[in-house]
Amino acid sequence: MEETNRRMLRARDAMDRAYAQPLDVPALARIAHVSESHFTRTFRATFGETPHRYLQRRRVERAMFLLRETGRSVTDICFEVGFGSTGTFSRTFRDIVGRSPREYRKEAEAANVPTCFTMAWTRPHA
Amino acid sequence: MFNAITHSQIYVLDQDEALDFYVGKLGLEVNSDIDMGFMRWLTVQVPGHPERQVLLEKPGPPSMSEETARQVRELVTKGATGGTLILSTDDCRKTYETLLGRGVEFTEEPTERPYGIDCGLRDPFGNHLRFTQPKA
Chain A
0 MEETNRRMLR ARDAMDRAYA QPLDVPALAR IAHVSESHFT RTFRATFGET
50 PHRYLQRRRV ERAMFLLRET GRSVTDICFE VGFGSTGTFS RTFRDIVGRS
100 PREYRKEAEA ANVPTCFTMA WTRPHA
Chain B
0 MFNAITHSQI YVLDQDEALD FYVGKLGLEV NSDIDMGFMR WLTVQVPGHP
50 ERQVLLEKPG PPSMSEETAR QVRELVTKGA TGGTLILSTD DCRKTYETLL
100 GRGVEFTEEP TERPYGIDCG LRDPFGNHLR FTQPKA
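Chains as they are written, first to last, in numbering that gives the first Met the number 0: chain A, 0 to 125; chain B, 0 to 135.
Bear in mind the hints are in silico, worked out from the structure with no lab data behind them.
Each pair of labels, with its calculated beta carbon distance range:
#: 1; chain 1: A; residue 1: His124; chain 2: B; residue 2: Leu84; range: 20 to 28 Å
#: 2; chain 1: A; residue 1: Arg101; chain 2: B; residue 2: Gln14; range: 48 to 56 Å
#: 3; chain 1: A; residue 1: Thr121; chain 2: B; residue 2: Met35; range: 36 to 44 Å
#: 4; chain 1: A; residue 1: Thr121; chain 2: B; residue 2: Glu16; range: 28 to 36 Å
#: 5; chain 1: B; residue 1: His48; chain 2: A; residue 2: Arg71; range: 38 to 46 Å
So the derived list for chain A, only partly shown, Cβ under 10 Å to chain B, looks like this:
#: 6; residue: Glu1
#: 7; residue: Glu2
#: 8; residue: Arg5
#: 9; residue: Met7
#: 10; residue: Leu8
#: 11; residue: Asp15
#: 12; residue: Arg16
#: 13; residue: Phe46
#: 14; residue: Glu68
#: 15; residue: Thr114
Sample of chain A residues at the chain B side, in silico, Cβ under 7 Å:
#: 16; residue: Asn4
#: 17; residue: Asp12
#: 18; residue: Cys115
#: 19; residue: Phe116
Glycine residues also receive a C-beta, built at the ideal position from the N, C-alpha and C atoms.
Construct the complete structure from the given sequences, taking the supplied hints into account.
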């Protein structure tokens, strides 16, 4: 169990690093030392959500950061964090955050704390 | 009232492996390594800074039941123990290269932040560490 957790964590860390890339289940399964067919199931059993959902929340968390801390356009940010279309981005963002990216930007304040905490605590809930 | 934080603690799954990592790879030094019978009191420190020690504690009986220890080990290996330690350095990128060469598992490369340059890594068990080169 602990070995499996540690390997799944290594795969999740890899997703955190490559969040703007498409979800690469074969590569992640290799990192986690499980078969492709087991990867999604094992990830869900370990972390309580699918890899796809985790990646969406990671991307939205990065988008929230860029909306807060930069003046870049919503469209730029959408592609920067790995979404393929502004429609999917807006829908996913609203679904997870409860507000549109523009509404979020208006209301958000910049947070100046160590990044690991910002990353973990501003990652919106599943 | 208080004037310092002198000790903090993190859970490790194996104290010998923890020593290899925290001392052998990260370059911390042992402050105390004492067999107390009921536990191995193992603390490390940044070289030259005994005023701040980190206890590398192995979860298990009699401090906690085997069942609770199993839960702790699960949390550690899932990375659910949070940001365990944040260290500081004079040169984040150079330290990163050195540790990378020693096989340290990084979660994040050195990145410019509002507070300086920092990066993230994991110990062999799943604990998350960072080190920061504070903004001059």
